[in-house]
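**Student:** Here's the letter readout for the chains.
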Amino acid sequence: MIQKTVRYLIVVAVVALFTGVFAISAQEDEAFSVAVVAPSATNDLAFSQSMYDALVLLQEVYGEDAFQFTFLDGVFIVDDAAVALREWAASGDYDLIIGHGSQYGSIIEELAPEFPDVSFAWGTDENTFGLDNVFAYTAAAEEGGYINGAIAGLMTESNVIGVVGPIEVGDAKLYVDGFVAGAASTNPEAEVNVVYIQSFSDVPLATEAAQTFLANGADILTGTAQMVVGPIAVATENGIPWFGTQSSQAELSGEIGVAFQVYHWEVVLDEIIGLISEGTLGGEAFTLTLENGGLAIEFGDYFTPDE
Amino acid sequence: MIGEIFTASLFASTIRLATPYLFASLGETLAQRSGVLNLGLDGMMLVGAFTAFYTVLQTGSLILGLLVAIITGAVMGLAMAFISVTLKAEQGISGIGVYLFGLGISELLFNKFLSTPRTVSGFPQVPLPILSDIPVIGNVLFNHNLLVYGAFLLVPAMWYVLNRTNFGLMVRAVGQTPEAADAMGVSVARIRYTTVIIGGIFAGIAGASLSIALINTFQQNLTSGLGFIAVALVYFGGWRPTGVLFGSLLFSFVNALQLQISVVGLDIPSEFAVMSPYVITLIALIFASKRQDKPDALTKPFERGG
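Chains A and B, in that order, are what the protein sequence lines are. For the first sequence, position 287 matches number 300 in the working numbering, and the numbering has no gaps at all. For the second sequence, position 286 matches number 386 in the working numbering, and the numbering has no gaps at all.
Hints are computed from structural coordinates only; laboratory data are not their basis. For each residue, glycine too, the CB sits at the ideal point set by N, CA and C. A few of these clues could be false.
As the list claims (entries may be wrong) - Pairwise CB distance ranges (calculated):
1) 367/B to 305/A: 36 to 44 angstroms
2) 386/B to 312/A: 16 to 24 angstroms
3) 283/A to 104/B: 48 to 56 angstroms
4) 104/B to 291/A: 28 to 36 angstroms
5) 251/A to 246/B: 34 to 42 angstroms
6) 182/A to 246/B: 14 to 22 angstroms
7) 256/B to 267/A: 40 to 48 angstroms
8) 74/A to 386/B: 56 to 64 angstroms
9) 130/A to 161/B: 22 to 30 angstroms
10) 178/B to 312/A: 33 to 41 angstroms
11) 182/B to 103/A: 35 to 43 angstroms
12) 208/B to 92/A: 45 to 53 angstroms
Said to hold, decoys possible - Listed next, the stretches of chain B that the computed footprint assigns to chain A, with coverage defined by at least 3 CB atoms under 8 angstroms from CB atoms of chain A:
13) 141-152
14) 214-220
15) 317-323
16) 348-362
In isolation and in its complexed conformation, chain A is listed as follows:
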């Protein structure tokens, strides 16, 4: 309770600080202003970083005078995020407020009717709650998962592949299901073992899951969510090929990094910003796909360019 209260006060202070800073900028420059709350860090090499990178890219494209954003990361607790989202909505300083995480859906559904002139977006999900000021977005993560799985199926020699998943929901489940199907498509004999550790952030447990896979014969690993840094370290130490998703983990995985499905949220955000500029505040859902460029496969250093 005390911890929660302290965290609440910290969040209020941070939100107040950011609100003040960006309110001035927005009024002076009339820039399109976005506020985002995300569950993990902007450098998590996964879900939150993919959104942060997209916003940085958009700012480069539009220019700082035309596009500004504030990003409140590491707010896994929904109640804490609710404080930020409400403050931002009430301030009237933001053209778009994003709850980047499926756990924020209930808060968005509650806040949006209270602030009908404010545009909200959230994901990963397709549900706009039938509200005219809510956008929803998701990623067809099974597409890249299928490609990664198909490559892994061709590469495995032991015919045992390990998958470290967080919780069996959202794009994590889509990726894992796609990966399993992809591996089966190229190597029906491959056994793809999946462990959902029931946490997005428990690095020690995810690390031990990877160790357990190796002890049971896996010669290829993959995983999703921010706790994969542990399994990547295990893969690196043991020279095991690694497949990733959400963000590129090529730098961390080095020579064992094979392929990464990278989310390009800027594709969706660009559309949403366009709609808001034309006066449409919500009511539509978007999906990142390989076809629309929202998903891309990037390769790591495992293969040389010739291969």
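Chain A is fixed; fit chain B onto it per the hints.
**Tutor:** Frame of chain A; chain B shown alone:
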């Protein structure tokens, strides 16, 4: 199917998982036996984990990394002791404060100096001659890195200190009846400072055991609340090193078991498997709460004549 689950790797995994719990819980046992509840363990572990990791990344020296973790743990222990012993602040609240500080400062330092996760070569496995060649048991018990061995050797060492040394006697006296200890000329504050600082040192080592020995990377909130489990294990173990060892092994075994069950594809919902360590911990705590060996002065600031 049973043979697929109860493999040597399952027990080796148990040993690895128990390592950070042992360091943190044994240090906390010492502090609690002197009457100080340190809820800031997790924050101390995070700072120890980051400083050790960053030192190794910059210097390549594992020993230096471990030393830095020890120093930062000691400094945080000193801060906790100052708040709870000298300032006599409510220990639960101050512990949470130390935890939040450790969580925040480790994240700040990570963002400032690293900005993205990196990996290091951690403490390598050191198979013990002859012992590691024993079939099955050798690989389970005697094929680990030095910090794993250190954690398990700490159990008899802590038992000896608490039960067979003058210092241990003073620690127990201060935790049980500080007024009597004070009347006998024992400095309650000095003993409590010492135990909390030692607890901080072991928390720092526990953090280092994650970042430069078992996981070999650092990420924000790397411990994921492991320090709070360590505090619970002290209660679980009835404030005895052997009890803490049993609790750490049991908790780690169930965690390793749920991973193994999932890996071999046994048809048990993963949610059920994951919650099992906590259910077992809760059940054990119910029994532990009936024990009478809890230090009487635990969480109570000492005031001479008070």
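**Student:** Compare the structure with each hint and give your call.
**Tutor:** Here's how the hints hold up against the structure:
1. 367/B to 305/A: 36 to 44 angstroms: 38 angstroms, holds
2. 386/B to 312/A: 16 to 24 angstroms: Violated, at about 53 angstroms.
3. 283/A to 104/B: 48 to 56 angstroms: Holds: the Cβ-Cβ distance is about 50 angstroms, inside 48 to 56 angstroms.
4. 104/B to 291/A: 28 to 36 angstroms: Violated - the Cβ-Cβ distance for residue 104/B and residue 291/A, about 59 angstroms, lies outside 28 to 36 angstroms.
5. 251/A to 246/B: 34 to 42 angstroms: 20 angstroms, violated
6. 182/A to 246/B: 14 to 22 angstroms: Given range 14 to 22 angstroms: violated, Cβ gap about 40 angstroms.
7. 256/B to 267/A: 40 to 48 angstroms: 41 angstroms, holds
8. 74/A to 386/B: 56 to 64 angstroms: 59 angstroms, holds
9. 130/A to 161/B: 22 to 30 angstroms: Violated, since residue 130/A and residue 161/B (Cβ atoms, about 59 angstroms apart) do not stay within the stated range.
10. 178/B to 312/A: 33 to 41 angstroms: 50 angstroms, violated
11. 182/B to 103/A: 35 to 43 angstroms: 41 angstroms Cβ-Cβ, so the 35 to 43 angstroms window holds.
12. 208/B to 92/A: 45 to 53 angstroms: 23 angstroms, violated
13. 141-152: violated (count 0)
14. 214-220: Holds, because 5 residues of the region 214-220 of chain B bring their Cβ atoms closer than 8 angstroms to Cβ atoms of chain A.
15. 317-323: holds (count 6)
16. 348-362: Our answer is that it holds, as 5 residues pass the Cβ test (under 8 angstroms) against chain A, meeting three.
In this structure, the hints that do not hold are numbers 2, 4, 5, 6, 9, 10, 12 and 13, in rising order.
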